[in-house]
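S.K.: Starting from the known structure of chain A, arrange chain B on it as the hints suggest.
There are 2 protein chains.
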Amino acid sequence: MKAEILTIGNEILIGDIVNTNASWLGDQLTQLGFTVKKMVTVGDSLPEMLLALEASKQNDLVIITGGLGPTHDDITKKALQEFFKVGLKRDEQVLRFVKSFFESRGIPFSESNVLQADVLENAQVLFNNWGTAPGMLVDEFGTLWAIFPGVPKEMKHLFSERLRPVLQAKFSVPKVIKSSYLSVAGIGESTLSDGYLKSVEALLSDNVTLAYLPHYDGITLRITASGDNEKEVLAQVELVRNRIKELAGEFIFSEEKATLGEVVGQLLKQNQWNIGLAESCTGGGVAFELTHTPGSSAYVKGAIVAYANEIKEHVLGVKKETLDQFGAVSSETALEMAIGAKNVLNTEVGISITGIAGPGGGTEEKPVGLIWFGISTPNESFTFKVMLTKDREANRKRSIMIVLDALRRSLSGLQGLPYGAQRIVYS
Amino acid sequence: MKAEILTIGNEILIGDIVNTNASWLGDQLTQLGFTVKKMVTVGDSLPEMLLALEASKQNDLVIITGGLGPTHDDITKKALQEFFKVGLKRDEQVLRFVKSFFESRGIPFSESNVLQADVLENAQVLFNNWGTAPGMLVDEFGTLWAIFPGVPKEMKHLFSERLRPVLQAKFSVPKVIKSSYLSVAGIGESTLSDGYLKSVEALLSDNVTLAYLPHYDGITLRITASGDNEKEVLAQVELVRNRIKELAGEFIFSEEKATLGEVVGQLLKQNQWNIGLAESCTGGGVAFELTHTPGSSAYVKGAIVAYANEIKEHVLGVKKETLDQFGAVSSETALEMAIGAKNVLNTEVGISITGIAGPGGGTEEKPVGLIWFGISTPNESFTFKVMLTKDREANRKRSIMIVLDALRRSLSGLQGLPYGAQRIVYS
Chain A
1 MKAEILTIGN
11 EILIGDIVNT
21 NASWLGDQLT
31 QLGFTVKKMV
41 TVGDSLPEML
51 LALEASKQND
61 LVIITGGLGP
71 THDDITKKAL
81 QEFFKVGLKR
91 DEQVLRFVKS
101 FFESRGIPFS
111 ESNVLQADVL
121 ENAQVLFNNW
131 GTAPGMLVDE
141 FGTLWAIFPG
151 VPKEMKHLFS
161 ERLRPVLQAK
171 FSVPKVIKSS
181 YLSVAGIGES
191 TLSDGYLKSV
201 EALLSDNVTL
211 AYLPHYDGIT
221 LRITASGDNE
231 KEVLAQVELV
241 RNRIKELAGE
251 FIFSEEKATL
261 GEVVGQLLKQ
271 NQWNIGLAES
281 CTGGGVAFEL
291 THTPGSSAYV
301 KGAIVAYANE
311 IKEHVLGVKK
321 ETLDQFGAVS
331 SETALEMAIG
341 AKNVLNTEVG
351 ISITGIAGPG
361 GGTEEKPVGL
371 IWFGISTPNE
381 SFTFKVMLTK
391 DREANRKRSI
401 MIVLDALRRS
411 LSGLQGLPYG
421 AQRIVYS
Chain B
1 MKAEILTIGN
11 EILIGDIVNT
21 NASWLGDQLT
31 QLGFTVKKMV
41 TVGDSLPEML
51 LALEASKQND
61 LVIITGGLGP
71 THDDITKKAL
81 QEFFKVGLKR
91 DEQVLRFVKS
101 FFESRGIPFS
111 ESNVLQADVL
121 ENAQVLFNNW
131 GTAPGMLVDE
141 FGTLWAIFPG
151 VPKEMKHLFS
161 ERLRPVLQAK
171 FSVPKVIKSS
181 YLSVAGIGES
191 TLSDGYLKSV
201 EALLSDNVTL
211 AYLPHYDGIT
221 LRITASGDNE
231 KEVLAQVELV
241 RNRIKELAGE
251 FIFSEEKATL
261 GEVVGQLLKQ
271 NQWNIGLAES
281 CTGGGVAFEL
291 THTPGSSAYV
301 KGAIVAYANE
311 IKEHVLGVKK
321 ETLDQFGAVS
331 SETALEMAIG
341 AKNVLNTEVG
351 ISITGIAGPG
361 GGTEEKPVGL
371 IWFGISTPNE
381 SFTFKVMLTK
391 DREANRKRSI
401 MIVLDALRRS
411 LSGLQGLPYG
421 AQRIVYS
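Sequences listed follow chains A and B, in order.
In terms of my numbering, the first sequence has 187 at position 187, counting the first letter as 1, and numbering is strictly consecutive.
In terms of my numbering, the second sequence has 41 at position 41, counting the first letter as 1, and numbering is strictly consecutive.
To be clear, the hints were calculated from the coordinates, so they are not data collected in a lab.
From a predicted model like this one, the values you see are computed outputs, not experimental measurements.
Careful: at least some of the hints might be erroneous.
[Claimed, not checked] Looking from chain B toward chain A, a few residues come up when the C-beta cut is under 7 angstroms (computed): (1) L13; (2) I14; (3) G15; (4) T20; (5) G26; (6) K38; (7) M39; (8) A287; (9) F288; (10) T291; (11) P294; (12) A306; (13) A308; (14) P359.
[Unchecked claim] When the alpha-carbon atoms are kept at most 20 angstroms apart in a straight line, the in silico PhoX-like pairs for lysine-lysine are as follows: (15) B:K153 x A:K390; (16) B:K89 x B:K77; (17) B:K37 x A:K78; (18) A:K390 x A:K366; (19) A:K2 x A:K170; (20) B:K78 x B:K57; (21) B:K397 x A:K397; (22) B:K85 x B:K57; (23) A:K153 x B:K390; (24) A:K156 x A:K178; (25) B:K231 x B:K178; (26) B:K178 x B:K156; (27) A:K231 x A:K178; (28) B:K245 x B:K198; (29) B:K78 x A:K37.
Quick reminder that beta carbons are idealized off the backbone N, C-alpha and C, glycines included.
Isolated chain A (complex conformation):
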């Protein structure tokens, strides 16, 4: 099953917009078992579009996005009329929807908007709940042509709700496709795949796949299985899922696609504990991340960003002797900062980060990239360190993820730490 993705729009060619639609469609079609042979972008030009359409005929499926708006430079419908040698017909359901769409927003309805309801004579209308340009589906020249507006939200809606069922009926696309996610942190992609999940490969096939999707706070594992029997497909997903959980359980922070901040928030809520933070090199980034979650005021009381040593001492209560003897970037200071956060912010849980983010400020003994973390809960108090990179912003972002993952492990009763770091336990 060969497919092509054809994008229409000058704004892509001049580099104003990155073509994320094509990537999203490539991923979706691949999951459905199509082989995407080509992605093509051409401008709002009739001859270029006609050439591209002609060249794409050899595919089983062609998805066309963009150029369906009501302005004069949106010429996708014009090109398709010429290509299919058909006229337009007015779709009354679309017309009613377009009118109500403008009415409900209090925007004057102009004649050019009526044209949005004109669809290709040979097309089946794919009704668009999210915008005024309907999708269209044409079966011609032995190829299925799906035509979508370029607005990502509308395109995704039309693909998922309108086109996918058609593909499942028409092509030998598996009737059932199930994806399931596990979110992992505190381990590198290659260590995870080669050191922990090697034996999972034996469970994988064309119909059962495992994708590593890395992002800033870890890796999302996507397990996808497909087939014609729902029960069998779900069992295959479960089998891989369970094997991964056996092999790499401690790294899994979410059995869905939750963020570390959300997971830590859930654990704090379950314990009915509040958290206070003491941040130096992350400069408020951990607090910002935790308060990203709506309702986080239920467990985040606040944070002290103690960028200057003076603040560590006078606001957080880190002892002057500790700073003098061990320095600001040390296990001892990290511990006193975490405990200081608890005291000053009146919370059960305190965490701290103090490190040398770079690019300057490193010494031989304490180089750029050395970060100390402190964690203090009603159950335990400990510190640990990691050595990161020379890159200031990467160090700050990874430190946020590391401290949240360490807290997640502590609140879950796990002993291990991210990236194999070692606890220094204080009683």
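M.R.: Chain B alone, transformed into the frame defined by chain A:
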């Protein structure tokens, strides 16, 4: 001058990677005066590549990226050998570089790495300072073919340092192209273009362009002029720049591409003032943004993230009566928070943010999206409010930008506030 961008790689077709290379090249080529007619992506497949190469012959310039690695699925060179009907030659300079590249990293040098030094017989080598795959330039069939590795850093280096001079010599590309930037905040794109910069349009032409590049903390204006005489080109850029500065000066926070955090940092340093922050709904985001800048410890002492009212009262010293009478989201609380930040963190400048980020917590009187800001410097103390959206994360990010822009204006002696907000002045 017609150009095409041809990307090679299955990872693009299956949606694992978004093709940002194509956008970057589209922007660069457009600036040089080329018309990008088409962007095409095909997989690591010989017949598909040959078809795509054949179809691209009609252009003056074709840029090919990807598939130049040393592994068996990197077949760009193989396809080009067949397409141009030529063999390979070993380039000794590249070979020496590849060897030293591996040596300096202590990586064993394998036979497959030697192949990186094999280039097309009919190609001029474009030496790659940043990786082991050299770029190549071929003049054939009346078309110029530039072949680059797909690693963005290497591709950009080869385009800018190696290809651009060739294009300027070979095509009627203007000899001189100068771009200049102005960074703008606190105003929407359409208000800026239609309400302030309308008369700038008369100064623009094919050779003098103005691009609006919006991003999370404002809009970067890019003025580009081109021609054959450097002095004239620079004068054209200056003319547009000066007109924009006359018309919209108060919104310009940087005459380069500096961030608001960097600009505020510079202003604080010039005054030899330290800053302390009191953040509620932004949860540490302003402190995180300010400390993004290396060396920011010279003027950022710290922040109190007072998410709970208890912290506003007990750590920042906001009076209980103020909170009871006016509420946490009010001018009065914003003022006491800003002054509290100065007192607790012992700084000359204090700023505060307290608002209802959403999605919950709104009332009729204080709806979601209402944000109060406080600013207190040795010169003045004032508060202001803005009404943002229902979107929590957008509200948080825009609040960070707004308070930094307001502080930038205050430190620069300007009276106006972002988005036309009104000062409430306290003496």
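S.K.: Now look at each hint and say whether the structure bears it out.
M.R.: Each hint, compared with the structure:
1. L13: Nearest chain A Cβ about 4 angstroms off; hint holds.
2. I14: Given a least distance of 4 angstroms, the restraint on I14 of chain B holds.
3. G15: holds, 3 angstroms
4. T20: Holds - the Cβ of T20 of chain B comes within 7 angstroms of chain A, reaching about 6 angstroms at its closest.
5. G26: Hint holds; G26 of chain B Cβ to chain A Cβ min 3 angstroms, cut 7 angstroms.
6. K38: holds, 5 angstroms
7. M39: At about 4 angstroms, which falls below the 7 angstroms cut-off, the nearest Cβ of chain A leaves the hint on M39 of chain B intact, so it holds.
8. A287: holds, 3 angstroms
9. F288: Holds, because the Cβ-Cβ distance from F288 of chain B to chain A comes to roughly 4 angstroms (cut-off 7 angstroms).
10. T291: holds, 3 angstroms
11. P294: holds, 5 angstroms
12. A306: holds, 5 angstroms
13. A308: Where the cut-off is 7 angstroms and the nearest Cβ of chain A is about 4 angstroms from A308 of chain B, the hint holds.
14. P359: holds, 5 angstroms
15. B:K153 x A:K390: holds, 18 angstroms
16. B:K89 x B:K77: Roughly 12 angstroms between the alpha carbons, so the hint for K89 of chain B and K77 of chain B holds.
17. B:K37 x A:K78: holds, 19 angstroms
18. A:K390 x A:K366: Holds, at roughly 12 angstroms.
19. A:K2 x A:K170: It holds: about 14 angstroms lies between the C-alpha atoms, which stays within 20 angstroms.
20. B:K78 x B:K57: holds, 18 angstroms
21. B:K397 x A:K397: Measuring from Cα to Cα gives roughly 17 angstroms; hence the hint holds.
22. B:K85 x B:K57: holds, 15 angstroms
23. A:K153 x B:K390: holds, 18 angstroms
24. A:K156 x A:K178: holds, 18 angstroms
25. B:K231 x B:K178: holds, 11 angstroms
26. B:K178 x B:K156: holds, 18 angstroms
27. A:K231 x A:K178: Roughly 11 angstroms between the alpha carbons, so the hint for K231 of chain A and K178 of chain A holds.
28. B:K245 x B:K198: holds, 13 angstroms
29. B:K78 x A:K37: With a Cα-Cα distance of about 19 angstroms, the restraint between K78 of chain B and K37 of chain A holds, given a limit of 20 angstroms.
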